[in-house]
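In the order they appear, the protein sequences are chains A and B.
Residue numbers in the first sequence follow UniProt numbering, run continuously in steps of one, and reach 267 at the last position.
Residue numbers in the second sequence follow UniProt numbering, run continuously in steps of one, and reach 267 at the last position.
If you're looking for bench data, these hints aren't it; they were derived computationally from the structure.
Wrong hints could be hidden among the right ones.
[To be verified] As a list, the in silico DSSO-like pairs of lysine-lysine whose alpha-carbon atoms are at most 27 Å apart:
no.	chain 1	residue 1	chain 2	residue 2
1	B	LYS202	A	LYS73
2	A	LYS70	A	LYS104
3	A	LYS75	B	LYS13
4	B	LYS202	A	LYS13
5	B	LYS13	A	LYS42
6	A	LYS104	B	LYS186
[Unchecked claim] Under 7 Å between C-beta atoms, here's a sample of chain B residues computed to sit facing chain A:
no.	residue
7	ASP14
8	VAL17
9	ASN67
Model, not experiment: these values are computed from the prediction.
Note that beta-carbon positions come from the ideal geometry of N, C-alpha and C, so glycine has one too.
Number of protein chains: 2
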Amino acid sequence: MFYLIGLGLGDAKDITVKGLEIVRKCDKVLLEAYTSILTVGKEALEEFYGRPLIIADRELCESNIDNILKEAKNKDVALLVVGDPLGATTHTDMLLRAKQFEVKTQIVHNASIINAVSCCGLQLYNFGETISIPYWTETWKPDSFYDKIVQNFSRNLHTLCLLDIKVKEPTEESLTKKVRQYMDPKFMSVKEAASQLVQIIKRKPDTGITMDTIAVGLSRVGAPDQTIAVKSLREMQQCDLGPPLHSLVIPAPNLHPLELDYLAHFR
Amino acid sequence: MFYLIGLGLGDAKDITVKGLEIVRKCDKVLLEAYTSILTVGKEALEEFYGRPLIIADRELCESNIDNILKEAKNKDVALLVVGDPLGATTHTDMLLRAKQFEVKTQIVHNASIINAVSCCGLQLYNFGETISIPYWTETWKPDSFYDKIVQNFSRNLHTLCLLDIKVKEPTEESLTKKVRQYMDPKFMSVKEAASQLVQIIKRKPDTGITMDTIAVGLSRVGAPDQTIAVKSLREMQQCDLGPPLHSLVIPAPNLHPLELDYLAHFR
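Chain A on its own, in the form it takes in the complex (with noise of 0.2 Å):
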């Protein structure tokens, strides 16, 4: 059996139950550490579960996922994968390939931004399409994320945007060379997404959304030390809100009254 389990967003203990009882009976377990990330490393999951994890990286999942699988038709072999496992197409794609393959699949569900962003007070049924802010490079600077924005704003929804992660991304020197070399980790901020975004909002005015838009920067979600900052995407360029992960609202321009008593509470 191949099972895909969720691990939640905060620590070790964020795994359910169910989760943790096929951890501790598969022959092998594997730890997805490239699409999130938790608070906690490798060791303390490690530790928490009783089992030694196995670093999936981008390689594995997405080029040499098959010998993993093909070992699922006969041993048990879980992927663990930060929030909920089908957040990120790679893994309904591995499920699929296992149905190629003939292998049996069960997913456990958990928590996952999408819904935990529901912490800031934002009601998710008031949300629109999620959308994901790249890195900017020098050369490439996207911005077709930014009408999506515009659209969720002009039919009054939210819009969580995911915010980008590299890691073990190859250098653009090493690309052409045998031996890949990898950057070093990184992880975008609500700072820097908001940076990117009043860019974009000097190129293009006009969309209802200006730097005084009021803007939510989340980081560290369900982890003890999570933060809920309310500003301006003007100040919020200017907000450090700690170690990763963070994720970064655009809320609605009219807000229900609800929403606007909780989001007070993080001005």
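Dock chain B against the given chain A, drawing on the hints supplied.
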């Protein structure tokens, strides 16, 4: 301390390890039982948690919660909620009241249908606004939610439709009487939802959505007998997906190849 603890979607073991530890140490544990249900009953939960549970109905959660919160000033009280604890407005309101009374709170997140719906293979970032379909009566047949489905559809986004739940609803006759009488609990099925949608489609043609538009019916997501069916809305009117809870998705008109491949397994 007042704890809001998500139970996830399937059975007793879908609580997180953190959630279970809190339940076992609390002075009082309430089970919210009117915004959602698990596939297992109160007794199964009590046995697994090793704690008696007090059923918290709408009356208690909306009108009498202040007494509970005051109790949580000096004691540890937990309210267990199916799915994620902040899926419903009621619970956000409780947290605001807790702040008023200066009662400390902690949220333990878990999977909710908002993210677990991805089990059908549709990608979460392609979902637009979530809507709710209410039970119609002889004289009250609202359809404003349909416009939101159409808006999502025209932006090539999926719509998750949450289906109505009636638990401990007073009968119309008893509303004017001293002694309230309650209706039997009922949970809208995919079949009933599809049938209401087809009636709206007849009233509102030319939206792009027709009786032949594909829909995804889901029942008991996260439970071992979870069922997923992919059919036209016309066919979905005859589709029995068994016991509650049910949800319905109207997918975007143009799907990603991976989404198409995945849905094909449920046709």
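Verification of the hints:
In summary, the hint linking LYS202/B to LYS73/A is not supported, as the alpha carbons are separated by about 49 Å, beyond the 27 Å threshold. Distance hint between LYS70/A and LYS104/A is fulfilled; the C-alpha atoms sit about 11 Å from each other, no more than 27 Å. Proximity of LYS75/A to LYS13/B is assessed by CA-CA distance (about 23 Å); at most 27 Å being required, the pair is judged to hold. Using a Cα cut-off of 27 Å, the hinted pair LYS202/B and LYS13/A is violated, with the two alpha carbons roughly 50 Å apart.
Restraint check: the Cα-Cα separation between LYS13/B and LYS42/A comes to about 24 Å, which is no more than 27 Å; the hinted pair holds. Between LYS104/A and LYS186/B the alpha-carbon distance is near 34 Å, which puts this suggested pair outside the 27 Å criterion. Annotation: interface hint on ASP14/B holds; nearest CB of chain A at approximately 5 Å, less than 7 Å. A cut of 7 Å between beta carbons decides the hint on VAL17/B: the least distance to chain A is about 4 Å, and the hint holds.
Of the supplied interface hints, the one on ASN67/B is violated, with its beta-carbon coming no nearer than about 21 Å to a beta-carbon of chain A, more than 7 Å.
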